[in-house]
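Visitor: One-letter residues, chain by chain:
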Amino acid sequence: MSRVSRRRALTLAGVGAAGLAGAAALTQVKDEPELTTAAAATDAVAFTGAHQAGIVTPAQDRLHFVAFDVVTKDRERLIKLLKDWTAAAARMTAGHDAGAIGAVNGIPEAPPDDTGEAIGLPPSGLTITIGFGPTLFRDASGKDRFGLAAHLPPALEPLPKFTGDTIDDTISGGDIAIQACANDPQVAVHAIRNLARIGMGAVSVRWSQLGFGRTSSTSTGQATPRNLFGFKDGTRNLKAEETDLLREHLWVQPGDGPDWLAGGSYLVTRKIRMLIETWDRSPLAEQEMIIGRTKGTGAPMGMTGEFDEVDFDSVGADGQPLLATTSHVRLAHPQSNNGARMLRRGYNFVDGSDGLGRLNAGLFFIAYQRDPRKAFIPVQRSLAANDEMNEYVRHVSTGIFACPPGVPTDGDFWGGALFA
Amino acid sequence: MRPSHILAFVTAGSLGMSLAACGGGDAVTDTAAAGGPIAVKATDTSCEVGKTQVDAGTSIFAITNGGQKVTEFYVYAAGDRVMAEVENIAPGLSRNLHVELPAGTYETACKPGMIGKGIRGQLTVSGSAAPLTDDAALLAATDSYSRYVKSQTAALEEKTTEFVKLVKAGDVAGAKTMYPIARTYWERIEPVAEIFGDLDPRIDGREEVTEEGLKFGGFHKIEQDLWQKNDISQSGPVADQLLTDVKEIVTKANAEKLSPLQLANGAKALLDEVAAGKITGEEDRYSHTDLWDFNANVDGSKAAIAALRPVLEERDAALVKTLDTEFANVDAALAKHRAGDGWKLHTDLSQADLKELSDAINALAEPISQVAAVVAKKA
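If you're matching them up, the sequences are chains A and B in order. To convert, note that position 295 of the first sequence is 295 in UniProt numbering; the numbers rise steadily by one, no gaps. To convert, note that position 158 of the second sequence is 158 in UniProt numbering; the numbers rise steadily by one, no gaps.
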């Protein structure tokens, strides 16, 4: 019998060396994943580790994000699903089929345990990252759904309504979120599709989002990309190499809350529709004033280089600050927010058009942080109240999830400590 | 309607052939049970069965409907596997039902109004019966399902005849009432109907899938005339053709020998029908009676699984348990939308209602998709 698998297809394609490197990476269990070595875009990223991959992992080019409602009432079934998911995620991130049999090696009468669209594709830097929403712990009426209510982290509260929010509840929230990032969109979609298939009957897809063109760099080795406003985004992002800052601002520390979340992080998602057409009609000077950076180099207003320190104080000939008081950079800067930092990991999206001749486009904002009460929430409050950019954006979806620490060894599963 | 070739495809499978080869395993006795037919007095609220203990072999039930509602009578084995049934017993009418029962415990049921679990009673069949060999168990499954198909096709022809008569008489209200009832029997066995090429699209095709050169006809054309155009004065020829086509498919379906694998795939195909056409309201877009079809598809799926039940129990008891649970969940989710003897209109359901139904169908369809592999497995 001729057996075809993703791994075999890889070897056949002559990418054997990359596959070996991926396999070696799999066995690494370190406090911080190894990042400084420039991996090829097709390589595997280690699935196991102290933290989940897909957070400080150098941001890949593509995203498929999904939020699930848990439909089973059975705690054991939920645990089994998390175990099945963990095994499938470990396989797929290593470039294998989702199931042990594979897409085309099973008996003809049974549906395959992998959907097949990734046959022949390399691991492509796939990371799969899970988070638990507040509604997994208690439902809307306050009922403890799975005996988890005592483990609800105090910071895992639904985000408040911010001024100007136009949130659509049907594309917000969820009991469980999964972020799949890869350098090949087909690999990211394959991952989410197979996890949704495996979850059938236990979970139901609530909403999902495709993204392209990372809008942040999460490593000093990466160039700063541009968002759909055409500006560099994420210049001052937390970076994987800044381990002290990561400890202070990104990873939940022992004592912050329930033990199960130590080594994890809080994930905030916001789908931000950009009013592209009106933005494109605005003068360059206005665009730069609103952002607070030049459009070309990305230098802060009044400075010359992208990574120059932001100058809050200098004024121009008109006596006004060079960096406008309502500019995005000023309002979002740590100095304006008691030092608050986040690791942003967003993606551009274009969901076709809206029937009114406009692109349905924008930024799917993703940020990881140690405590949203000290990071995203105060920063967004300030932005919602004062940011000149609000004229050109609409926040249409919102989500908050607690991402558990990494899966340390084979045999453990996502959220194992939470369900212990 | 959805073109489906999986059933036709598996007909050629090795399983079908091995079954044909051992077709002699079916032990048939011609002897009617001693003491003559068992009288069943059915009313709208009761179901008196003359005997609750019979000998193994053939029993004859004589059902008389003394109620105001149309009723049905069933003999069920464990897990509501239909051993025999008679549909559509109008008030005042009597029907005889012949059923061959091996020793075991069964349930009888009258279903006034043709809905729900019915009014149940115990039936014990005593006597010796040799345990079925594995192949015989598979054969028994297809025989059991063939009985189901026969009962459904009989009712389909009868109700379509009534529907056509109402349409041709220009009785809009009567035809509207009969439309979802006649379709129920169609939707329960649709995967069988789909085996026969052009007939399925002719009977059940929707306007946008009508092939070039063919005229939009069948149930949905009349549905459009009834609900959208509010004019059935020109519908007569379409109605006549519908009845001709239904009669043809009834003859063909009754003659068709199905394989166990076809039952398994049919059970799944019916749920796919629900997921693809009924949840979305595409199927009955003028009448919005999609939930009738939804329920009928689930009934049909359940019947196919029930026929396979002894085989599945033997090979994968855990799967049977899961299927029972998920079928019950679907029934419970659907039951919220009952309206009288029928169902709410699709347009009366909220998005949240539809999501709940969709989740329940997905939760059932996943384990059902595993059944074919279990059936195919060599014992």
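Hints are computed from structural coordinates only; laboratory data are not their basis. Any given hint could turn out to be false.
Stated by the list, open to error - Straight-line Cα separation of at most 25 Å, BS3-like style, residue types lysine-lysine; simulated pairs:
| hint | chain 1 | residue 1 | chain 2 | residue 2 |
| --- | --- | --- | --- | --- |
| 1 | B | K336 | A | K83 |
| 2 | B | K229 | A | K73 |
| 3 | A | K374 | B | K229 |
| 4 | A | K80 | B | K321 |
| 5 | B | K336 | A | K80 |
| 6 | A | K161 | A | K374 |
| 7 | B | K344 | A | K143 |
| 8 | B | K336 | A | K161 |
| 9 | B | K229 | B | K344 |
| 10 | B | K355 | A | K143 |
Visitor: Run the structure past the numbered hints and jot down the numbers of the failing ones, going up.
Guide: 1, 2, 3, 5, 7, 8
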